[in-house]
Amino acid sequence: MKSILPWLILLAPLYSAAVITLFTLRWKVLSSFISIAAVFVSFICSCFVFARAGMPAPQFTWIDVRGVLTIPLGLTLDQLSRMMLVLVSGVGAVIHVYSLGYMRDDEGKSRYFAALSLFMFAMLGIVLANNFVMLFIFWELVGFTSYVLIGHWFYRDAAAAAAKKAFITTRIGDFGFMVGILMLWMATGSVVFAEITPRMSMLTGHPTFLTAVALLIFCGAVGKSAQFPLHVWLPDAMEGPTPISALIHAATMVAAGVYMLVRVAFIIQGSQTALLIIAWIGTITAVLAALIATQQNDIKRILAYSTMSQLGYMVMAVGLTSNDAAIFHLFTHAFFKALLFLAAGSVIVMLHHEQDIWKMGGLSRSLPITFVTFIVGALALMGCPPFSGFFSKDAILALAYKRNMPIFAVALFTAFLTAFYVIRLLVVVFFGKSRSDIARQSRESPLVMTGPLIVLAFLTTFGGFAFFARNFLALPIEKEAAIFVPALAIVALILGSGLAITVYRNRAGEPVDLELLRNKFHFDEFYSWLIHWTQELLAHIAAFFDRWIIDVGAVGGSSRGTLGIGALLRLIQVGNLQAYLFLFGLGIVALIYFAVFR
Amino acid sequence: MVTLGDYLIVSGILFAIGFAGVMLRRNLIVILMSLELMLNAANLSLVAFSRFRLQPSGLPDYNAQIFVFFIITVAAAEVALGLAILVALFRARQTTDVKDITQLRF
Chain A
670 MKSILPWLIL LAPLYSAAVI TLFTLRWKVL SSFISIAAVF VSFICSCFVF
720 ARAGMPAPQF TWIDVRGVLT IPLGLTLDQL SRMMLVLVSG VGAVIHVYSL
770 GYMRDDEGKS RYFAALSLFM FAMLGIVLAN NFVMLFIFWE LVGFTSYVLI
820 GHWFYRDAAA AAAKKAFITT RIGDFGFMVG ILMLWMATGS VVFAEITPRM
870 SMLTGHPTFL TAVALLIFCG AVGKSAQFPL HVWLPDAMEG PTPISALIHA
920 ATMVAAGVYM LVRVAFIIQG SQTALLIIAW IGTITAVLAA LIATQQNDIK
970 RILAYSTMSQ LGYMVMAVGL TSNDAAIFHL FTHAFFKALL FLAAGSVIVM
1020 LHHEQDIWKM GGLSRSLPIT FVTFIVGALA LMGCPPFSGF FSKDAILALA
1070 YKRNMPIFAV ALFTAFLTAF YVIRLLVVVF FGKSRSDIAR QSRESPLVMT
1120 GPLIVLAFLT TFGGFAFFAR NFLALPIEKE AAIFVPALAI VALILGSGLA
1170 ITVYRNRAGE PVDLELLRNK FHFDEFYSWL IHWTQELLAH IAAFFDRWII
1220 DVGAVGGSSR GTLGIGALLR LIQVGNLQAY LFLFGLGIVA LIYFAVFR
Chain B
28 MVTLGDYLIV SGILFAIGFA GVMLRRNLIV ILMSLELMLN AANLSLVAFS
78 RFRLQPSGLP DYNAQIFVFF IITVAAAEVA LGLAILVALF RARQTTDVKD
128 ITQLRF
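So the protein sequences, as listed, match chains A and B.
Positions in the first sequence are counted from 1; adding 669 to them yields our numbering.
Positions in the second sequence are counted from 1; adding 27 to them yields our numbering.
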């Protein structure tokens, strides 16, 4: 029984997705309860698995080509994956419950819950996979469910386009990931993590190859975790329902990239070049996203950019060879970002799907629970001392301080920007005067939505305390930087929030207008130009090929060739019997000549 | 003593006469007759081969002679067919000269 437990975590959501899709699409309430039951089964099993280390899980062989490729279906149950299990299924469970309220009147509620269950299955699969092939399959499945859920309101053009954009953009990264896996398999002959580890010595002799493999695998994380330069899909993904944004595009799926990097850290850490590139990509993403976030007006987009920024911190930590710091931040971030999104969702629902922050204002009075929980999440995101975000961000900052000074400087600047845009969001949405009628008439959300908020706010507040975190991770506390770095971080925090309060207090519209930041550094335009340009080029080449090689060459050539040969042969066709006979005789003579004398 | 070579020379001369007739004469009837001459040249050489290729028992090889019978039969049929076409052609065109019958071309 016990050995089935880990598999049950994985299979319960799959079972739920299958049952809903096949049988209960028509009964929406039943579907939602099946899905919620499944996620709670997963959560409870995860807790059991978490509590008991070294629980065995049966392993099956899936593909076995003797001596060439063996792909088992097995589960990894080390400390990292057990922690992630609890996190994913826990946040998942909270968000399932919240979805009950958020999606109450939705037409496609059954479809939504089926996709949500499928997502849970795929995400837990990523966490549990013990080899690259399984990881990749679940990785793609997660991308697919993300596509389905972003496009949940597919009749809206923006949602359909965003779904496509997310899927295609992440696929670009996934292609690199796949090539990396294949190269690794080629070099070591195995796809199982535990088998590759002892064979790493085969790779360390070829530093260039190792760097290429590490960077290609990192490509997958760049796509999924929305790192620069493949970050463009994440803000658009906010077209999906808000619980989806919270679960997939803030707490779990985008963190899967970081989780994967930590899982394969033994490969990445073999190459200093790769580590440096990864650290800088993370840093660039962090500061880029924070800059863009300061000028956005859509509440969910601001949060999306803040997610990107925080993911940048995590990737930075991986690049600076501290997996513990990355995972610690992933862990706290999952709670506070899910909390922020759910609180934002509560605001959005109560304002009848209004997302423009300049149409809100003064909501602290009408939505008190949402307001308080949002404040908790916001303070954690900024890295305000008593909240969890402070500890994890501080760990990364201290790490950067010790390992790489330029990165530390940029990270500190990002912390300042984070404080700035978070306070801007808070001030504009919750304080001042209401700027529209719907904002004035808003009421607090029902318990099914505020309940999860309160649970998450509790976790956000206490999740970061060192004693609590130590139970999950053995985080090496950076003694040397222990006082200096947090002090700097708090100064940055105070400066950022102070600036934001002075600029945005009691404003009716945006007082600062930075065109470049408002337009997200023109990345979308640049990419569409690039795609347009390459597509035009390819189209021209294809058109040239079609017109000249196919039409003129193959089709026209064969017809013209036939006509030409026909015209030539016509010259012989004179109609004179004796001329034919003469040619016939010549032919016979030639045949005899070749048959007899050759 | 008449040898195989003598027969073949006669046969060759006959064939050449026939071929020349087919090539040079304009009248379809004469062309048809020249064709028959060529067939008979072939027959003659076949019979000669038969006569000069003895079986182990001392008898001639009859296969070639049987072949000759077939050729004679086919030639008879062919002449009948050729004359029929000729008559039909003459009725349509009032001529048997091949120079006047050149419509069968592009």
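Certain hints may be false.
Stated by the list, open to error - Where chain A lies over chain B, by a calculated footprint (3+ residues, C-beta under 8 angstroms):
1. 45-51
2. 120-129
Said to hold, decoys possible - Over 12 angstroms on every C-beta distance to chain B, these chain A residues come out as not near it, computed from the model:
3. V698
4. R735
5. R868
6. N1245
7. Q1247
Hints were generated in silico from the structure; no laboratory data involved.
Ideal Cβ positions, reconstructed from N, Cα and C, are used throughout, including at glycine.
Inset, instruction - List, from low to high, the hint numbers that the structure doesn't satisfy. - result: Failing hints, ascending: 6 and 7.
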